[in-house]
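Residue numbers (our numbering), protein chains in the order written: chain A, 1 to 544; chain B, 1 to 445.
Watch out, some of these pointers could steer you wrong.
[To be verified] Straight-line distance between alpha carbons at most 27 Å, and here's what the computed DSS-like set of lysine-lysine pairs gives: (1) 137/B x 127/A; (2) 152/A x 290/A; (3) 309/B x 220/A; (4) 64/B x 224/A; (5) 152/A x 15/B; (6) 162/A x 260/B; (7) 160/A x 137/B; (8) 15/B x 90/B; (9) 284/A x 334/A; (10) 64/B x 322/B; (11) 90/B x 162/A; (12) 220/A x 21/B; (13) 306/B x 341/B; (14) 372/A x 426/A; (15) 352/B x 220/A; (16) 249/A x 436/A; (17) 123/A x 152/A; (18) 389/B x 352/B; (19) 290/A x 341/B; (20) 341/B x 171/A; (21) 171/A x 389/B; (22) 389/B x 322/B; (23) 284/A x 260/B; (24) 284/B x 260/B; (25) 40/A x 171/A; (26) 473/A x 440/A; (27) 306/B x 123/A; (28) 306/B x 127/A.
[Claimed, not checked] So the derived label-pair ranges between C-beta atoms look like this: (29) 321/B x 222/A: 43 to 49 Å; (30) 18/B x 35/A: 34 to 40 Å; (31) 440/A x 348/B: 48 to 54 Å; (32) 249/A x 94/B: 30 to 36 Å; (33) 222/A x 303/B: 28 to 34 Å.
Simulated from the structure, these hints should not be mistaken for laboratory data.
C-beta atoms are modelled at their ideal positions from N, C-alpha and C, and glycine is treated no differently.
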Amino acid sequence: MERRAFLNMSGGAMAAMMMPFGRAIAADELVKPVEVKFKKMLADTALTAATQAGASYCDVRIGRYLNQFITTRDLNIENVTNTESAGVGVRVIANGAYGFAATSDMSPDGVAGAARQAVAIAKANAKLQAAGVQLAPTPGVGEVSWATPIRKDWRTVPIKEKADLLITANKGALEAGASFIQSLLFQVNQQKYFASTDGSYIDQDLHRLWVPFFATAVDKSTGKFRSRSDLGTPVGMGYEYLDGRKEDKIKAAGGVATLYNRTYDLVEDAKAAGRQAKEKLTAKSVEPGKYDLVLSPEHMWLTIHESVGHPTELDRVLGYEANFAGTSFATLDKQQSKKFKYGSDLVNIEADKTIQGSLGAVGYDDEGVKCKKWDIIKDGILVNYQATRDQAAVIGEKESHGCSYADSWSNVQFQRMPNVSLKAGKKKLTPDELVKDVKKGIYIVGAGSFSIDQQRYNFQFGGQMFYEIKDGKIGQMLEDVAYQSNTQEFWNACTAMCDERDWRMGGSFFDGKGQPMQVSAVSHGSSTSRFNGINVINTARKIG
Amino acid sequence: MKILNQEETKRISDKVMSLSKADECIVTINGSRTGNIRYARNAVSTAGLVENTQLSVAVAFGKKQGTAVINEFDDKSLAKAVQRAEELAKLAPENPEFMPTPDKQAFKGSDTFSKSTDAINPEYRAQVAAYSIEACKKKGLVAAGFFTDQSSFETVANSRGVFGHQSQTGIDFTCTVRTEDGRGSGWVRRDAQDVNRFDPRAAAEVAMEKAIRSAEAKALEPGRYTVILEPAATSDLLAFMFNSFDARSADEGRSFLAKKGGGNRMGEKLFDEQVNVWADPWDKDIPVLPWDNQTLLARERMDIIKNGKIASMNYSPFWGKKQGQRAVGQPGNIIMSGGSKSTEELIASTKKGILVTRTWYIRMVDPQTVLLTGLTRDGTFYIENGKIKHPVKNFRFNESPVTMLNNIEELGRPEVLAGDESQFQLLIPAMKVRDFNFTSLSDAV
């Protein structure tokens, strides 16, 4: 479930959402990492304590999570918040059951106590468990490290420089036609140390960044208002994402917008948003009916996320999420039949936790499994799922897919979505060439409203900007557009996709799952693609 | 860290304020002990207990603000937190909309604490899970559920003499029961401040009965139907709407409460006259803290919708001052008046209609009209001549709660409920509503 609740929150509440018990710290302290030697000593203490208490397996995650949020409203900086949270989470298997305990007391006594508590909980849980937990083997990797490749560390960029950039963007949007704008800068650094009784000691330094904005145009005479949000994406990169290099700019089909790959020009996009929010006020209201949809990657990521990413999470398929997020239509028998047609022959969906710049890229997951890529849908057929160590055997895999993640040291790790992407088309095709064959269609740029049922059949998506396609040409802007479809019908209606030159990622910074809920960040790549005969509804209403 | 009492948090907040050299200082201390048990496939999957306490120090020099949050409480840590907040404030640009923290005021306490809830132990949680697991196993059903209980406190204080401290408790239980073949699914939610008002066995029975009755669902054509919406079917729809009661957004022309030509729709009749909604921190069924911890302003009993008319909107201190309106603490609960009928009695008086247990994955489609989309889930039934005739396949809807509250036929007995997407505690009735707009069918069970 992609969460948007943060939009209604104040800066402080937003910080709390990302880091429930954060500790604010001065900028100069952010860049000093905890000594690896100290972390290894703590980890060994916990591993020994757990083993001595009767654990057959133990893993220890020592985390230091640093965040900075800047929130703005029009020409004002509303808030600057720095948070830090550090602590240790210990997971064990004892008597065949899991136990987990966490502590912010980073002393040898503190972590040993947590380890013994985890074993006690495991033993208590074992009484209620039918079958023992079986972990797929993963080799111990010794002492290794991995870091997100970044060129500019957000922790060293002065607050004034960031504030000036946001205010310049806001000013640009307001001058171009927006009546109001809110922009935010989220910056994340997760320093994660993992150790397990398999013999792994993995030190990782992860960076993520996101700059969303919401520009709103108001026509007081008609009482109408419309918003346009950013066309950037959250990334697994440093502050260099905001370089906005010329070579990373792409013209949308028909030249209706500038889109971005690898780096992002915030000020340019904010100006365009101001203009386009105003244009939306007088755009033609869509005629409902069947249309061929041409979807840009800035839109597609969310459709992939909801209709392929979530239904192929193995814990959902097995029923572990039945009480909250739901189950899945993509049941094991469909995958085992090797002939379940999830999409047309063109549809190839790959899970990949190694893509540079993506939100899901790490060296190793939260079970110490080295990250990799694998097929989920091949030539339209459902071939695989997303699995952790304790799930691999269910689908006949010899090893985990490396999909384990916890959003904090204080939460237990569980199955989370890797980057799940639609592969680019094999034939050379640009978005303008793709549009040429469309007689009656709509070109959708950017992600909007979204909703899907608990087994992931029926969905409805909006967008940021909609353009009419008539006889191969992109025409006027449309409004009040949403499309409704069924996952399998939709992906089988995929008839064309652009080649790798047009492939780029979008993503979610706050994907929620589990009880208590945890958030994770994940990217989804695609190239501009076409879906024939999709049902479009008109969302304009009258009230009062 | 253990739950702190009033003397302890008073000492900490006094200490923090004595260390601060800023023009003003606000201290908030929150602590909680949260227990939970989660189960699926008729077995417990996780169980845990998390204790956490945090201190937030917000300071201002003129119109420059900074905030620091820590979870350590020794004197050295308190000094560090004050120093960091002051450093951040000095680095921050001036906020022209800065408003000073409120002057000293008294908070009238509300009854938010239950000793029984505070005393919940792991055995109780295991028993809650066991009731539904064992009952489901006997009937060939599959249970998945989550029970969580919390005991917490909040302290607010500022350098102008405001001080408030209060303890709270609460439980939340959800349970999904599915038939083994996956063709039926039922659900229940129960929320309470006092665990004595919670009956886990009876709750599990509701989910089980709905699971059994919802198998063999038939497809009905999408369209406009008279619906009986149980409280969990409207809780998130209402929460989305009440999130849009901000006066500033309305005055700025970007909310459904904006008036064409400028201004807002205060006093206008936007809903059926049966609609009466208010907030009351001292309500005996859903008491909430008597202050709003964002502004430190006292909450009040306030009408929000009176006989279908907009009776109040939320003013931030800045916007209230600008518009010459009094800002009060933002509501923590939403109470809607209802009738005395049970859901069964509402069904009995319905010739043709659809009973909706709950709605799911609700998102804003158009804030101009608060048009929301989402789906029915875990128990949707066709009603004919006052009786449930058969289960029906789930629907997607595209509907505005504003329209829904205009089309009310009858209201049932209010129930206490938390929502998946709601920041409010809710006490809302089941509603019989005409012309509810279902736009497509879903195969999901």
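Going down the list of hints, with the structure as the test:
Under the criterion of a C-alpha separation no larger than 27 Å, the hint pairing residue 137/B with residue 127/A is consistent with the structure, at around 17 Å. For the proposed pair residue 152/A and residue 290/A, the alpha carbon gap of about 47 Å is over 27 Å, so the pair is violated. As the CA atoms of residue 309/B and residue 220/A are separated by approximately 22 Å, the hinted pair is consistent with the 27 Å bound. For the hint pairing residue 64/B with residue 224/A, the CA-to-CA distance comes to about 35 Å; that exceeds 27 Å, so the pair is violated.
Between residue 152/A and residue 15/B the alpha-carbon distance is near 40 Å, which puts this suggested pair outside the 27 Å criterion. For a cut-off of 27 Å, the pair hint linking residue 162/A to residue 260/B is broken: about 37 Å separates their Cα positions. Of the pairs offered as hints, the one joining residue 160/A and residue 137/B is violated, with about 61 Å between alpha carbons and a cut-off of 27 Å exceeded. Between residue 15/B and residue 90/B, the direct Cα distance comes to roughly 22 Å. Compliance with the 27 Å bound is thereby established for this hinted pair.
For the suggested pair residue 284/A and residue 334/A, the alpha carbons sit about 43 Å apart, so the restraint of at most 27 Å is broken. The hinted pair formed by residue 64/B and residue 322/B meets the criterion: a straight-line CA distance of about 20 Å does not exceed 27 Å. Between residue 90/B and residue 162/A the alpha-carbon distance is near 16 Å, which keeps this suggested pair within the 27 Å criterion. Pair hint residue 220/A plus residue 21/B does not hold up; C-alpha atoms about 45 Å apart against a cutoff of 27 Å.
For the proposed pair residue 306/B and residue 341/B, the alpha carbon gap of about 21 Å is at most 27 Å, so the pair holds. Annotation: proposed proximity of residue 372/A to residue 426/A holds, straight-line Cα distance about 22 Å (limit 27 Å). With a CA separation close to 42 Å, the supplied pair residue 352/B and residue 220/A exceeds the 27 Å bound. Proximity of residue 249/A to residue 436/A is assessed by CA-CA distance (about 22 Å); at most 27 Å being required, the pair is judged to hold.
The suggested pairing of residue 123/A with residue 152/A is violated, with an alpha-carbon distance near 47 Å, which exceeds 27 Å. Of the pairs offered as hints, the one joining residue 389/B and residue 352/B holds, with about 10 Å between alpha carbons and a cut-off of 27 Å not exceeded. This hinted pair does not check out: residue 290/A and residue 341/B have alpha carbons roughly 44 Å apart, beyond 27 Å. A C-alpha spacing of about 55 Å is found between residue 341/B and residue 171/A, which places the hinted pair above 27 Å, so the restraint is violated.
With a C-alpha separation of about 60 Å, the suggested pairing of residue 171/A with residue 389/B is violated against the 27 Å cut-off. Taken as a hint, the residue 389/B and residue 322/B pair is broken in the structure, with Cα atoms around 57 Å apart against an allowance of 27 Å. As the CA atoms of residue 284/A and residue 260/B are separated by approximately 20 Å, the hinted pair is consistent with the 27 Å bound. Distance hint between residue 284/B and residue 260/B is unfulfilled; the C-alpha atoms sit about 39 Å from each other, more than 27 Å.
Our distance criterion of 27 Å between C-alpha atoms is broken by residue 40/A and residue 171/A, whose separation comes to about 49 Å. With a C-alpha separation of about 9 Å, the suggested pair residue 473/A and residue 440/A falls inside the 27 Å cut-off, and the hint holds. At roughly 56 Å between alpha-carbon atoms, residue 306/B and residue 123/A are farther apart than 27 Å, so this suggested pair is violated. At most 27 Å may separate the alpha-carbon atoms for a hinted pair to count; residue 306/B and residue 127/A exceed this at roughly 54 Å.
Hint check: residue 321/B to residue 222/A, Cβ distance near 30 Å, so the stated range 43 to 49 Å is violated. At roughly 35 Å, the beta-carbon separation of residue 18/B and residue 35/A lies within the given 34 to 40 Å, and the hint holds. In this structure the hint that residue 440/A and residue 348/B lie 48 to 54 Å apart at CB holds, the actual value being about 49 Å. Remark: the range hint 30 to 36 Å for residue 249/A to residue 94/B is upheld by a beta-carbon distance near 35 Å.
Separation of residue 222/A from residue 303/B is about 30 Å and conforms to the stated range, judged on CB atoms against 28 to 34 Å.
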